[in-house]
Amino acid sequence: MTIEPGLFLQPKSADEALHMLFANEDAKLISGGATLVAMMNAGVSEPTTLISLAAIPEMNGISSETDGTIRIGATTRHRETAGSPLLKGGLFVVRSAASQIANATVRNMGTIGGSISFADPGLDYPPALVAADASVEIASIRGRRRISAREFFTDWYTVALEPGEMVVSVYLPGHWLTGHGFYIKHARVSGDYATVSVALCRQEDGAVSVAVGGCGPKPIANSAANAELTASLDDAAIKRASDILRDQSDPLDDVRGTASYRRSLITGLLRRAVRQAEKSVGSES
Amino acid sequence: MSVELLINGKAFNVDAGIGDTLLSVLREKLDFKSAKRGCNQGVCGACTVSVDGWPMRGCLSLAVGCAGKDIRTLEGLSATRRMQFLQEAFVNFGAFQCGFCTPGMLVAADALLARELNPSHEDVKVAMSGNLCRCTGYLPIVAAVRNAAERIRKEAARG
Numbered sequence: 001m002t003i004e005p006g007l008f009l010q011p012k013s014a015d016e017a018l019h020m021l022f023a024n025e026d027a028k029l030i031s032g033g034a035t036l037v038a039m040m041n042a043g044v045s046e047p048t049t050l051i052s053l054a055a056i057p058e059m060n061g062i063s064s065e066t067d068g069t070i071r072i073g074a075t076t077r078h079r080e081t082a083g084s085p086l087l088k089g090g091l092f093v094v095r096s097a098a099s100q101i102a103n104a105t106v107r108n109m110g111t112i113g114g115s116i117s118f119a120d121p122g123l124d125y126p127p128a129l130v131a132a133d134a135s136v137e138i139a140s141i142r143g144r145r146r147i148s149a150r151e152f153f154t155d156w157y158t159v160a161l162e163p164g165e166m167v168v169s170v171y172l173p174g175h176w177l178t179g180h181g182f183y184i185k186h187a188r189v190s191g192d193y194a195t196v197s198v199a200l201c202r203q204e205d206g207a208v209s210v211a212v213g214g215c216g217p218k219p220i221a222n223s224a225a226n227a228e229l230t231a232s233l234d235d236a237a238i239k240r241a242s243d244i245l246r247d248q249s250d251p252l253d254d255v256r257g258t259a260s261y262r263r264s265l266i267t268g269l270l271r272r273a274v275r276q277a278e279k280s281v282g283s284e285s
Numbered sequence: 001m002s003v004e005l006l007i008n009g010k011a012f013n014v015d016a017g018i019g020d021t022l023l024s025v026l027r028e029k030l031d032f033k034s035a036k037r038g039c040n041q042g043v044c045g046a047c048t049v050s051v052d053g054w055p056m057r058g059c060l061s062l063a064v065g066c067a068g069k070d071i072r073t074l075e076g077l078s079a080t081r082r083m084q085f086l087q088e089a090f091v092n093f094g095a096f097q098c099g100f101c102t103p104g105m106l107v108a109a110d111a112l113l114a115r116e117l118n119p120s121h122e123d124v125k126v127a128m129s130g131n132l133c134r135c136t137g138y139l140p141i142v143a144a145v146r147n148a149a150e151r152i153r154k155e156a157a158r159g
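So the sequences go chain by chain: A and B.
Residue numbers for the first sequence follow the numbering used here, beginning at 1 and rising by one.
Residue numbers for the second sequence follow the numbering used here, beginning at 1 and rising by one.
For the record, the hints were derived by calculation from the structure and aren't laboratory data.
You may find that some hints are simply not true.
Stated by the list, open to error - Take a look, some chain B residues computed to stay more than 12 angstroms from chain A by CB distance:
(1) Asn40
(2) Pro55
(3) Lys125
(4) Val126
What the hints assert, rightly or not - In the SDA-like style, the derived pairs of lysine to any residue whose C-alpha atoms are separated by at most 25 angstroms in a straight line are:
(5) Lys69/B <-> Pro47/A
(6) Lys12/A <-> Glu122/B
(7) Lys69/B <-> Glu137/A
(8) Lys28/A <-> Gly68/B
(9) Lys28/A <-> Lys10/B
(10) Lys12/A <-> Lys125/B
(11) Lys10/B <-> Lys279/A
(12) Lys36/B <-> Gly43/A
(13) Lys10/B <-> Ala42/A
(14) Lys29/B <-> Arg188/A
(15) Lys12/A <-> Asp15/B
(16) Lys36/B <-> Ala42/A
(17) Lys69/B <-> Phe8/A
(18) Lys29/B <-> Ala42/A
(19) Lys12/A <-> Gly17/B
(20) Lys12/A <-> Gly53/B
(21) Lys69/B <-> Ala231/A
(22) Lys125/B <-> Glu65/A
(23) Lys279/A <-> Met1/B
(24) Lys36/B <-> Lys12/A
C-beta: ideal position from N, C-alpha, C; glycine also.
Sequences and hints are given; from them, build the entire structure.
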């Protein structure tokens with residue numbers, strides 16, 4: 001589809017992009033294009049102004065901060081995240097999620113900022129970021145703020161971005177650099193959105209954090225479920241934790257599965273994630 | 001707006017709207033027909049082209065965002081020794097039937113062999129997981145890619 005004439009703006013800094021966004025309230029931000037261009041092709045989105053974030057160095061790449069926090073720039077492509085040696089220990093959960101997004105070609109294009117801003121409930125990053133206690137840095141011309149991934153995802157395809165705001169980066173806490181992290185995905189075929197997925201991080205001392213994707217408007221996490229799995233990894237504890245998570249779930253019936261099928265997947269996927277974590281104890285992930 | 005695209009080493013000036021994809025510009029304005037329009041949603045891989053050395057979706061790339069990038073289509077890649085080996089192997093292994101997916105398959109395979117000349121079966125599967133084929137059942141394609149890699153290695157060893 002051709003949308004004429006259209007403006008394609010290519011800022012060189014995040015601040016320049018934010019001023020462009022402020023001046024063009026109907027503008028859409030674009031980086032990899034993996035989602036937005038598909039929506040434009042389908043006629044679902046018809047932007048007249050695009051602001052490309054592709055040439056903003058400060059928004060790209062993965063780095064380690066002095067306090068051990070790992071920063072992933074919003075325009076970092078899935079391929080780079082899937083291969084980053086900085087994402088180790090419990091943070092491997094994010095690397096694992098990135099490596100299971102769509103397929104190799106799409107991972108060359110799509111970015112973490114675009115993915116989480118779209119917030120499809122079947123996406124791979126949201127549960128991984130929630131399990132890993134990630135925070136999201138959001139910017140507008142008024143300044144920057146940082147909120148937890150838990151608060152960032154608010155509803156179906158809805159995140160805590162206000163008009164004029166954009167995601168600048170994702171921060172992963174250094175306390176997960178040890179331990180183990182796993183992302184277990186159940187999908188109809190390789191490369192599809194998750195029907196249901198489970199992200200799990202486990203510390204060397206046994207502390208566990210889990211999140212479930214695909215089972216409601218946003219990732220499901222619950223401190224009581226984490227406490228159950230921190231206390232024990234036996235089948236009874238897995239059952240109690242998954243019961244808690246299932247009670248909190250609110251899945252849809254759709255082409256990827258019925259709501260009841262989705263609920264029934266939680267226990268099995270959680271058990272697989274836990275068993276993988278047990279196997280890894282004492283070994284490097 | 002006017003955009004300069006570098007395709008197969010040659011510069012082309014085209015007029016493109018912001019919604020025009022690289023795929024539509026290649027096919028409809030510049031007559032490069034190797035990349036195919038299948039799903040136009042980034043799922044099937046028939047539109048795969050190489051951008052700065054990586055396989056990308058032509059249908060999910062905006063033409064206006066591709067200025068200055070090194071775009072290679074099968075028309076250009078066919079001149080390389082590596083692609084000739086791949087094409088011969090696809091013929092020898094019956095790695096296509098209708099042929100609609102083949103240009104995308106070849107571009108994805110070429111990008112893999114550019115980085116890994118001894119790919120495992122799994123390596124090929126992962127690298128080409130974004131290319132759907134409804135004829136072959138995939139096994140001949142994986143075998144063809146690994147055979148091309150082997151013949152390239154042998155030729156390199158002979159010097």
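Right, here's what the structure says about each hint:
The claim that asparagine 40/B lies off the interface is violated: its Cβ sits roughly 5 angstroms from the closest Cβ of chain A, which falls inside the 12 angstroms cut-off. Consistency note on proline 55/B: stated as away from chain A, yet its beta-carbon is not over 12 angstroms from all of that chain's, at 5 angstroms minimum. Against chain A, the non-interface label of lysine 125/B is violated: not every CB pair exceeds 12 angstroms, the least being about 9 angstroms. Not every beta carbon of chain A lies more than 12 angstroms from that of valine 126/B, the smallest distance being close to 6 angstroms; the non-interface claim is violated.
At most 25 angstroms may separate the alpha-carbon atoms for a hinted pair to count; lysine 69/B and proline 47/A meet this at roughly 23 angstroms. Between lysine 12/A and glutamate 122/B, the direct Cα distance comes to roughly 39 angstroms. Violation of the 25 angstroms bound is thereby established for this hinted pair. Note on lysine 69/B and glutamate 137/A: the hinted pairing is violated, with a Cα-Cα distance of about 30 angstroms set against a maximum of 25 angstroms. A distance of roughly 22 angstroms separates the Cα atoms of lysine 28/A and glycine 68/B; the hinted pair therefore holds under the 25 angstroms criterion.
Only pairs whose Cα atoms come within 25 angstroms are accepted, and lysine 28/A paired with lysine 10/B is rejected, the gap being roughly 31 angstroms. Distance restraint check for lysine 12/A and lysine 125/B: the Cα-Cα separation of roughly 37 angstroms exceeds the 25 angstroms cut-off, and the hinted pair is therefore not satisfied. A hinted pair counts as satisfied when its Cα atoms are at most 25 angstroms apart, and lysine 10/B with lysine 279/A does not qualify at roughly 54 angstroms. Taking the CA atoms of lysine 36/B and glycine 43/A, the gap is near 20 angstroms; set against the 25 angstroms cutoff, the hint holds.
In summary, the hint linking lysine 10/B to alanine 42/A is not supported, as the alpha carbons are separated by about 31 angstroms, beyond the 25 angstroms threshold. Between lysine 29/B and arginine 188/A the alpha-carbon distance is near 37 angstroms, which puts this suggested pair outside the 25 angstroms criterion. Among the hinted pairs, lysine 12/A with aspartate 15/B is consistent with the structure: their alpha-carbon atoms are about 24 angstroms apart, no more than 25 angstroms. This hinted pair checks out: lysine 36/B and alanine 42/A have alpha carbons roughly 17 angstroms apart, not beyond 25 angstroms.
Pair hint lysine 69/B plus phenylalanine 8/A holds up; C-alpha atoms about 16 angstroms apart against a cutoff of 25 angstroms. This hinted pair checks out: lysine 29/B and alanine 42/A have alpha carbons roughly 21 angstroms apart, not beyond 25 angstroms. With a C-alpha separation of about 22 angstroms, the suggested pair lysine 12/A and glycine 17/B falls inside the 25 angstroms cut-off, and the hint holds. With a C-alpha separation of about 23 angstroms, the suggested pairing of lysine 12/A with glycine 53/B holds against the 25 angstroms cut-off.
Taken as a hint, the lysine 69/B and alanine 231/A pair is broken in the structure, with Cα atoms around 53 angstroms apart against an allowance of 25 angstroms. Annotation: proposed proximity of lysine 125/B to glutamate 65/A is violated, straight-line Cα distance about 36 angstroms (limit 25 angstroms). A distance of roughly 57 angstroms separates the Cα atoms of lysine 279/A and methionine 1/B; the hinted pair therefore is violated under the 25 angstroms criterion. At most 25 angstroms may separate the alpha-carbon atoms for a hinted pair to count; lysine 36/B and lysine 12/A exceed this at roughly 33 angstroms.
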